[in-house]
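J.: Take a look at the letters that make up each chain.
2 protein chains.
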Amino acid sequence: MTSARPITIKDIAKRFHCSPSTVSRALNDHPAINEDTRRNIKEYALEVGYQKNEVSLSLLNKKTATLGVVVPSIGHYYETAVIEGLHAVLQPLGYTLNICVTNENYLLEKEYLTKLLSNRIEGIFLSVAQETYDAGYYEHLEQVNQRHTPLIFIDREYETFETSRATVDDYHGAFAAVEHLIQMGYRHIAHLKGPNGLTVTEQRFKGYIDCLRKYNLDISEELIINTNFKVESAIVPTKRLLDLPLPPDAIFGVNDQVAIGAMRVAKDRGLRIPQDIGLVGFDNSPITAYTYPSLTTVGRPGRKIGMEASRLFLNQLNASEDFRHENIVLPAELIIRESTLRLS
Amino acid sequence: MTSARPITIKDIAKRFHCSPSTVSRALNDHPAINEDTRRNIKEYALEVGYQKNEVSLSLLNKKTATLGVVVPSIGHYYETAVIEGLHAVLQPLGYTLNICVTNENYLLEKEYLTKLLSNRIEGIFLSVAQETYDAGYYEHLEQVNQRHTPLIFIDREYETFETSRATVDDYHGAFAAVEHLIQMGYRHIAHLKGPNGLTVTEQRFKGYIDCLRKYNLDISEELIINTNFKVESAIVPTKRLLDLPLPPDAIFGVNDQVAIGAMRVAKDRGLRIPQDIGLVGFDNSPITAYTYPSLTTVGRPGRKIGMEASRLFLNQLNASEDFRHENIVLPAELIIRESTLRLS
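Protein chains in written order, with the working numbering: chain A, 1 to 344; chain B, 1001 to 1344.
Be aware that a few hints might be false.
[To be verified] DSS-like, lysine-lysine: derived pairs with alpha carbons at most 25 Å apart: (1) B:Lys1230 with A:Lys230; (2) A:Lys304 with B:Lys1230; (3) B:Lys1110 with A:Lys63.
If you're looking for bench data, these hints aren't it; they were derived computationally from the structure.
Please take these sequences and the hints and turn them into a complete structure.
T.: Next comes the structure, spelled out in structure tokens:
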């Protein structure tokens, strides 16, 4: 460097193939920058005689150490587990989380993103609202990218939108649940479905249908009834199923709540579980290990999703110019318990 | 008004015995100001020839319509119900909520409050972290008051701190639960307690003890065992209780999860519920109506607490000078179900 022009943060960034804000963070000992990178950048800065320009740095340095978490709801075990995973990784690094609940509403989601950006949060974890997803709205996400704020999809996501994501494979989880029922000898399997149109509903429904097809079992419309995910919404549908001329010998519930509602109705009818009827839920909420009988279910690794999403965020923050978005899909895990363990 | 000095917002505020920001909101059709007040203020402003001073107003008008909700956790049914109640009232008025989880940590609570204030939120709903409560820290709350930002306690609170609050009467809820067990003929009543020191634990424990005293029943240390609120934490304690030379004929659980864990152990031992052993939980989480047998429990009106807290916030926002803080205590409600309904 022979020029008399003073060395700037941009010069250093160019040298390390990273962003100016990474350099700024490294020089200011920001905890999100790994130690080697910090040391290398600081040594180089010293070597080339870099001098802080306090004025131009003031904006870059004004880090809020705040992250936004935008989710459709916090009423279920899975979402709180994801948030717990985010906390577990990010709080020790000095980050705080602003949790925003959209109630599946697009306008609210958009408003939250705008407000988070204007509060200069450093990253956003987003599970897209159903309305947003259905309508295919993108622009409010593009404003996040334009601000170079890392955006990580958790749970519900746009497949075609270019960003990192950590999601669970619901489809194969549902498939495995129904396959297990078939292997246990159940043949006439009903499905207590979620509300139509929700991604999570349709993925699990598809897993159910495809598995029945694979084993050449009949798909019967009268064995598929909607619920709203709540335990009480399973009561009337289950009664209807058990009143059929040919009632089901197993029920696959869209989630644990619904399967527990079905369990109650089956017991009130004097049915033995799993001998007379098999039951499977979804989510592996803590209670399912202690119902009587305990409930076979499909576990979604919520906490792990939160931790993986944190890692994706930190990677992007420290990214060099050849950074590529990552797509993490964690498997859902079948957990076999008493409610299906029919030994014939 | 004969003076040539132009009429200011402060003059109007004095006339209506309200704060300047209420006047500013009324003139700008802020939804939180009721219609009559808005109309009266606007008519008066027109009458006295008030002219907006754009510069001095710019700060006042820069409302964020954002509120902070600072809670120790979001993992239980009760907290999400409170937040749902806040959403139900405040979202239609155009407010968004920033939810912050302190994990019972004082430093984190303090940091969240500072960040929320620096983001110019318009009000804070707070359930004090256990650490804060135990140490009696106040200063971080006083900074909220100094900024004239409404602060509403929900759930856990400082009795002596001067602010509005909406809480549930846990003590009498627990008392009623134990009294009901006694009326059903149970005499040797155990308590699966929460972690020592937590307010919610100690209030329920006190209700249990005082009720036993009232009915001259023995208080036995071996019948009181700690849990951590989680379903799995009830398993070993319940086994220990049932292995006693004189086992309990009823168990009062600190929450529903713990009572459901106890239910599982009792069933595995072949005990009939409620004939051989009675069980009571706390919270009225949705699942309790559908366990087999259904669980007697104490309902906390979480959604209603959220709605009352919203009302307290709006009252304070529109307050005149003689504003007094309000203290709302909602009763907990005993819900009698199959797990205690022993008809002798």
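J.: Now, for every hint given, state plainly whether the structure supports it.
T.: These are the hints, each one checked on the structure:
no.	hint	result
1	B:Lys1230 with A:Lys230	21 Å, holds
2	A:Lys304 with B:Lys1230	20 Å, holds
3	B:Lys1110 with A:Lys63	18 Å, holds
Of the hints listed earlier, there is not a single one the structure fails to meet.
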